[in-house]
Amino acid sequence: MIESVKNRRSIRKYKQQDIAPDLLNDLLATASRVSTIGNMQVYSVIVTKDAEMKAKLAPAHFNQPMVKEAPVVLTICADFNRFSKWCEFRNAQPGYANFLSFMNAATDALLFTQNFCTLAEEAGLGICYLGTVIYNPQQIIETLKLPKLVFPVATITVGYPDESPELVDRLPLEAIVHEESYVDYTRETIDKLYAYKESLPENAKFIAENNKETLAQVFTDVRYTRKDNEYMSENFFKTLKQQGFID
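At position 209 of the sequence shown the residue is numbered 209 (UniProt numbering), and the sequence of numbers has no breaks.
Hints were generated in silico from the structure; no laboratory data involved.
For each residue, glycine too, the CB sits at the ideal point set by N, CA and C.
Watch out, some of these pointers could steer you wrong.
Across the chosen pairs, the derived CB separations fall in these ranges [unchecked claim]:
1. Tyr185 <-> Lys212: 39 to 47 Å
2. Tyr185 <-> Phe89: 19 to 27 Å
3. Lys148 <-> Ile176: 35 to 43 Å
4. Ala175 <-> Val5: 13 to 21 Å
Here are the computed lysine to aspartate or glutamate pairs in the EDC-like style, where the Cα-Cα straight-line distance is at most 20 Å [stated by the list, open to error]:
5. Lys13 <-> Glu230
6. Lys49 <-> Glu142
7. Lys192 <-> Glu209
8. Lys238 <-> Asp228
9. Lys6 <-> Glu142
10. Lys13 <-> Glu122
11. Lys49 <-> Glu166
12. Lys68 <-> Glu3
13. Lys68 <-> Glu88
14. Lys54 <-> Glu69
15. Lys13 <-> Glu88
16. Lys15 <-> Glu230
17. Lys145 <-> Asp50
18. Lys68 <-> Glu142
19. Lys241 <-> Glu230
20. Lys205 <-> Asp228
21. Lys15 <-> Glu52
22. Lys56 <-> Glu142
23. Lys13 <-> Glu142
24. Lys205 <-> Glu142
25. Lys49 <-> Asp26
26. Lys15 <-> Asp50
Build out the structure end to end from the sequences listed, making use of the hints.
Structure below.
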């Protein structure tokens, strides 16, 4: 499994081969053994296989082709709806309509997501994590009919790989690990830690294609701009309020 993780790739092209229901259910059940806050399991998973439903989900993910082409799309949700109803039906008063509860449920959901991804890849499947799930939560909520206290936090496409892309770069270990306490970065350490990433031909191509001076400018000016981040942040909190997690 260590080797599988070391060699993991995001798969965006899939064979037109269904995933056996027994395999999918076994992966979901095994993934649910992951750590969870207070043993509450405050998450839910929406399994989408139907072509029409995948087509309805696609716009929320900027119509990325793998949403329609993958045999299975999983939407993993922070879910305090089920737990709250259990409390109410047992003469207990739930107090989970708040941001802390959302964070706890989102943590549960993401732990499950990573566990599932690791198990799926070990079983020979490919996955792609879609960050777009938190860009357009309202569309996903409407499409999947999510009630209050349920919020989508992760979407992954799953299927048998029909490609073997190159491994993407990662920062060296010393960029992310701090011994005992956080040590802030100097200009010299930033230069060292990002030297390899900035030297890659594919990143030089990104810079040229976007008519920028540095790779950092591609991120700040093109891919993840302040304007877009602020707009999507506003929408995110608006939707959290709609779903009952904040006043």
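Against the structure, the hints come out as follows:
1. Tyr185 <-> Lys212: 39 to 47 Å: violated (22 Å)
2. Tyr185 <-> Phe89: 19 to 27 Å: Hint violated: Cβ distance 51 Å, outside 19 to 27 Å.
3. Lys148 <-> Ile176: 35 to 43 Å: Roughly 37 Å apart at Cβ, these two residues keep to the hinted range, so it holds.
4. Ala175 <-> Val5: 13 to 21 Å: holds (18 Å)
5. Lys13 <-> Glu230: violated (32 Å)
6. Lys49 <-> Glu142: holds (18 Å)
7. Lys192 <-> Glu209: Violated, at about 25 Å.
8. Lys238 <-> Asp228: Roughly 15 Å separates the two Cα atoms, so the pair holds.
9. Lys6 <-> Glu142: Judged against 20 Å, a Cα distance of about 37 Å means the pair is violated.
10. Lys13 <-> Glu122: Distance ~18 Å between Lys13 and Glu122 Cα, so the pair holds.
11. Lys49 <-> Glu166: violated (28 Å)
12. Lys68 <-> Glu3: Given pair Lys68, Glu3 is violated - Cα atoms ~30 Å apart, limit 20 Å.
13. Lys68 <-> Glu88: violated (39 Å)
14. Lys54 <-> Glu69: holds (9 Å)
15. Lys13 <-> Glu88: violated (45 Å)
16. Lys15 <-> Glu230: Distance ~38 Å between Lys15 and Glu230 Cα, so the pair is violated.
17. Lys145 <-> Asp50: holds (16 Å)
18. Lys68 <-> Glu142: holds (18 Å)
19. Lys241 <-> Glu230: Cα-Cα ~17 Å, so holds.
20. Lys205 <-> Asp228: Answer violated: Lys205 to Asp228 is near 23 Å, above 20 Å.
21. Lys15 <-> Glu52: Distance ~19 Å between Lys15 and Glu52 Cα, so the pair holds.
22. Lys56 <-> Glu142: holds (10 Å)
23. Lys13 <-> Glu142: violated (27 Å)
24. Lys205 <-> Glu142: violated (39 Å)
25. Lys49 <-> Asp26: holds (17 Å)
26. Lys15 <-> Asp50: holds (16 Å)
The structure is inconsistent with the numbered hints 1, 2, 5, 7, 9, 11, 12, 13, 15, 16, 20, 23 and 24, although it conforms to all the rest.
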